[in-house]
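Participant: Here's the letter readout for the chains.
2 protein chains.
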Amino acid sequence: MSFAKLDDLNRRLEALSHALAILGADEATHMAVGGGEARAEAMASLAGMQHRQATAPEIADWIEAAADEALDDDQRAALREFRRQYVNLTCLPAEFVEKQTRARMRCEQLWRDLRAKNDWLGFLPALDGVITLVREEAAMRADVLGLEPYDALMEQYDPGNRAADIAPVFEDLKAFLLDFVPEALAAQEDRLAKRALKPLSGVYPIEKQRELGLALMAAVGFDFTHGSLSVSHHPFCGGVPTDVRITTRYRTTEFLSSLMGVLHETGHALYEQNLPVEWAHWPLGKARGMAVHESQSLFVEKQIGRNPAFWRWALPLVDRHLGESWSSEDILPHVHHVERGLIRVDADEVTYPLHVILRFELERELVAGRLATADIPEAWNARMRDYLGLSTIDSPGDGPMQDVHWPAGALGYFPSYTLGAMMAAQQWSAFERETGPSDADFAAGSFDKVNAWRRDKIWSQGSRWSTPDLIARATGAPLDPTYFKDHLKARYGRP
Amino acid sequence: MSFAKLDDLNRRLEALSHALAILGADEATHMAVGGGEARAEAMASLAGMQHRQATAPEIADWIEAAADEALDDDQRAALREFRRQYVNLTCLPAEFVEKQTRARMRCEQLWRDLRAKNDWLGFLPALDGVITLVREEAAMRADVLGLEPYDALMEQYDPGNRAADIAPVFEDLKAFLLDFVPEALAAQEDRLAKRALKPLSGVYPIEKQRELGLALMAAVGFDFTHGSLSVSHHPFCGGVPTDVRITTRYRTTEFLSSLMGVLHETGHALYEQNLPVEWAHWPLGKARGMAVHESQSLFVEKQIGRNPAFWRWALPLVDRHLGESWSSEDILPHVHHVERGLIRVDADEVTYPLHVILRFELERELVAGRLATADIPEAWNARMRDYLGLSTIDSPGDGPMQDVHWPAGALGYFPSYTLGAMMAAQQWSAFERETGPSDADFAAGSFDKVNAWRRDKIWSQGSRWSTPDLIARATGAPLDPTYFKDHLKARYGRP
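In the order they appear, the protein sequences are chains A and B. First residue of the first sequence: 1, per the numbering used here; consecutive thereafter. First residue of the second sequence: 1001, per the numbering used here; consecutive thereafter.
Hints in this document: simulated from the structure, not taken from any laboratory. Keep in mind that a hint or two might mislead.
[What the hints assert, rightly or not] Computed cross-link-like contacts, DSSO-like style, restricted to lysine-lysine with a CA-CA straight-line distance of at most 30 angstroms:
(1) LYS1449/B to LYS1208/B
(2) LYS198/A to LYS5/A
(3) LYS457/A to LYS198/A
(4) LYS99/A to LYS1194/B
(5) LYS1117/B to LYS1099/B
(6) LYS1489/B to LYS1449/B
(7) LYS208/A to LYS1099/B
(8) LYS1449/B to LYS5/A
(9) LYS1005/B to LYS1194/B
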C-alpha cells in the first residue's frame, strides 16, 4: 500500500529531523567550542541524506497511488501535506540548490563581518548574488505552484498566504500606525509626567532569574517532562515536540528582557508540545507555519505576558525570587514602553509592524525586479523616515544590514512577524468573546482556560488547514487588522 | 576510484555516528524525561540507516578493487580496517540480528526489574534465550573469521585478543592474587592499627566538587575546547573526539568516589581527544578497542590518580575547593582501601581482577556449551567462595545478576577490564623506564611528559595495530602480568 510506504518514509525522515533538531539545539547550548567543524560536517551530511530520501522519484508514484487508496480523513489530510512537502522540495534542481546554499553561506559570513563595519559596498555584491538567485527561485517555484513569484516564496513559510490579501491589511495597519505611534508616545509622555519612571536596575543573580523564569514557564503551561530551559547567545525554541529546548540569555543588571524573552519562547514551546502526537512523524503533525508559530509566541508574550492582570499575579513571584517589591505602577511603564528605534528586534509591539511593513514592501519590489539591490539603502531610508522619522542613510548596519534574513535568502519571511501579532490579537479577541474576560484568572495565575482554547483551535490542528483557513476557523473570521488595532488602542492609546 | 568511494561512504557513516553519539550523551544528561520514546525511535532508525549503508553489497567490491589501487601506508591501513568493519558487520544475517536485538532488549528490561528482587528463576528463561543466541552468533562469526567461537566474540571488542593467550595470563594473575589479597588485607590491617582511618565525611556542595573536578581534569590534560563535564545517573565518556562528553554523579556527603570517577572518565576522554584528526572519519582513526580504552582510563585513575605523588599536588587543590585540610596520611588509606566484596563495579584494583577472571572462566564455558545457563548461580558461587571467600548463593542480584553485560549479550567483553589494568601497569612501567621517575612532576602537577608518551605510543596510533601488537609496540614486550603484579605489590604489599 502506497500510503504505508509514505508513512514509513516519513518515520525515517523524522529520525533525521529529530537528530538535526537536537544537534542544532545542542550546538547552541552545550557543544564544546572546538566541536563546531565536525558538527557542521555531520549536520550537512544528515541534511543531505534527508533531502535525498525526501525527494526520491518513486515518492511521486506513491503519492499518486495513495490518492486512490481507502484513506480516512486524517490520512487524506496527511497525504495533502506529503504532496505539498514533496512538490516544494522537488521544484528546484539540485544544482541550483547547491549554488544557492553556497551563495547564502558566503553572504551570511560576510554579513557577520561587515554589518558591524557598516560596509554596505563590500556587502553589496554578495547580497546581490543572493537576491538574483532568490528571483530565480521565486520564478521556478511560481511556475510549479501556479502562484505569483513572491507568493511562491511566502508559501514556504505560511502556506496559503498571498500578497494580494496581505498588502491591503498591511496598508490599513500602516495608515493606522502613522497616526497612532505619535499618539501612543504622547500618551506615554502624559503618564510619565504624572509619575516618573522608576528604574528596574539592581543586581539579579542568574540562578535567581532562572528560577523565576522556570516558575512563570510552569504557570503558563510549559511541560517540563517534555522540555527544558537553558542558555544560549541568541534565544530560540528548538528541539522536538517531546523535548522542546528553549533558551534565554541573562544580564545580571536587568531581568525584564530575559523574562519577556522566556515568555516569548514558551509561547513557541506550548505550540510544539501540544501538537497532535498521533501525527508526529507526518508533515500534517507539524506546526502550520511561521506566522501561526509567531502568533503563539506573541500570544504568551503580549496578550498574556504584558497584560496588567498577569502582572498582578507575577509581581509577588518576582518579589519572592529577586527580592524586589515593585508595584504594577512601577513595572507596567517598562512592560509597555514605546520608542521609535532603528532596530526591528528591539522594537515594541506598537512600532514593530512598521519595521515589518517596510521590509515587506521592499521585498516585493526586490523579487519583482523593480528595486535593484544597490538601491536598497535609499529606499530603506526613505521609508524609515516616512514611517518612523529616523534616518539610516549613514548607518546601513542599523538599516538594511541589520537582519540575517536577506543574506540568508529568506525573502517572504518578514510578513510572518506582524501577521503573527495580528493573529494573536484576533485569537485573543475570539477567546474573550467566547469565554468572557480573563483578568480574574490571570490575576490568580490560572491559564488553563486560555490554553484549552488554543489547544482546541490551534495546537491540535497541526497542519490540517492553510494559514488563512486555520485562523478563520479558530476565530470565526478571516484575518482582520481591527483586533490588533483595538488591542494597541486599549493598551497604548490615550485613556 | 574505489578507495575514494570508501572514503566518501565513511564520511556519511561518520555523520550518523556523530548524531548517535551526541544523541546518546544528550539522552543521559539533558533530555527531558518524557523525550525518551521519540529519542529511542529516532536512534533505532538512525542505527538502521547506518547498518544498511555500512553493509551494502557493493562495498565488498570497492574493498576488493581498492586493494589494487595505488595507496599510501595510511590508506592501506585504513583499507584493512574498512575490511574488518565490513566483515564483522556482514557476518550475521539481518533476521538474526533483529531476533537477537529483541531478545537482548527484553532480557535487559527484565534484568532491570528482577535484579533488585533477586529473582533468578524469573530471569533465567530470558537469559537462556540470549545465551543461546550468543552461541549461535559466536559460531557464525567464528566460521567467517576463522577463529574459535569465544575469540570471535572477543574480536568485536579487542581485535587480536585470543583466549589461548589470555587464559595463561589470567591463571598467573589469579594464582598471584589468591595469595596477595590476604597479604594486602593484612598489610592494610597493620597500617590501620598504627594509624586509625580518618573519615572523609563532611558536606561538599556539588558546585564545589564540580570545580575541583574541572581543575583536576584540566591539569591531567583534558581539553575543554573539545569536551565538557556534566552529570548523569551512570558516569560515562561519550560524544565525539572533537566534543567529548564525560559525566559524573555527586553525593554531597562524600567527594572521593565522584572525583576518582572523573579521573577515570578523563582517561577515556584523553584517548578520544588525541586520536589522529586526519583519520577521524575512518575506522582506522577510532580507538583500538575496549581493553586499550580501559588501559587509558585506568592509567589516569590508578597510575596517576592513586599515586601518592599525585596527592601531594592534589591535596592543596582539594583544600582550596572544599575547604578541608587533609594530609596524605589521611587520604591515601581511602584512596588505597582494599576490601573483598560481591560487586565488581565497587571493587578496588587488588580484588577487581578476580571478579573479571571468574566471569571470563564462566563465559568461556557458557559459549562452549559446557555450562548451562541454569547452572550459573552454583558455578558463580563456587568460584566466588574460592577466589574471594564470599557466597552469593542466596543473593543472585549481587551475584550473576549484577551486571548488564550478559543480559545484553555482550559476552567476550569482561576480559577487557583486567586486560586494561594490566596494560596500564605495563605502559606505566615502560614510560618510567624510558623517562625516569615521575614523582617530582606529579607532585608539581605536571603531566605533560606522561601524556606525550601516551600520545606517541597509544593515542596517535588509532586502530593501526591489533590490540596485542599495539601494546607490544608501545611497551617493547607482549602483554605480561608481571608489571601489574609488581604495581600491586609496591602499592598494597607489606613494606
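Participant: Measure nothing beyond the straight line between the CA atoms of LYS208/A and LYS1099/B; if it is 30 angstroms or shorter, mark the hint as holding.
Facilitator: Violated. LYS208/A to LYS1099/B sits at ~51 angstroms, over the 30 angstroms cutoff.
Participant: Hint check: LYS1449/B vs LYS5/A, CA-CA at most 30 angstroms. Holds or violated?
Facilitator: Not satisfied, since the Cα-Cα distance of roughly 59 angstroms exceeds 30 angstroms.
Participant: Taking 30 angstroms as the top limit, are the C-alpha atoms of LYS1005/B and LYS1194/B close enough?
Facilitator: This hinted pair is violated, its Cα atoms lying about 68 angstroms apart.
Participant: Between LYS198/A and LYS5/A, does the CA-CA distance stay at or below 30 angstroms?
Facilitator: violated, 62 angstroms
Participant: Regarding the pair LYS99/A and LYS1194/B, is the alpha-carbon distance no greater than 30 angstroms?
Facilitator: Roughly 78 angstroms between the alpha carbons, so the hint for LYS99/A and LYS1194/B is violated.
Participant: Would you mind confirming whether the straight-line C-alpha gap from LYS1489/B to LYS1449/B stays at or under 30 angstroms?
Facilitator: Holds - the C-alpha atoms of LYS1449/B and LYS1489/B are around 25 angstroms apart, at most 30 angstroms.
Participant: Run the distance test for LYS457/A versus LYS198/A: straight-line Cα separation, threshold 30 angstroms.
Facilitator: violated, 40 angstroms
Participant: Straight-line Cα separation of LYS1449/B and LYS1208/B no greater than 30 angstroms?
Facilitator: Given pair LYS1449/B, LYS1208/B holds - Cα atoms ~29 angstroms apart, limit 30 angstroms.
Participant: Quickly compare the C-alpha distance for LYS1117/B and LYS1099/B to 30 angstroms and report which way the hint goes.
Facilitator: Holds. LYS1117/B to LYS1099/B sits at ~27 angstroms (cutoff 30 angstroms).
Against the hints set out earlier in the document, violations occur for numbers 2, 3, 4, 7, 8 and 9.
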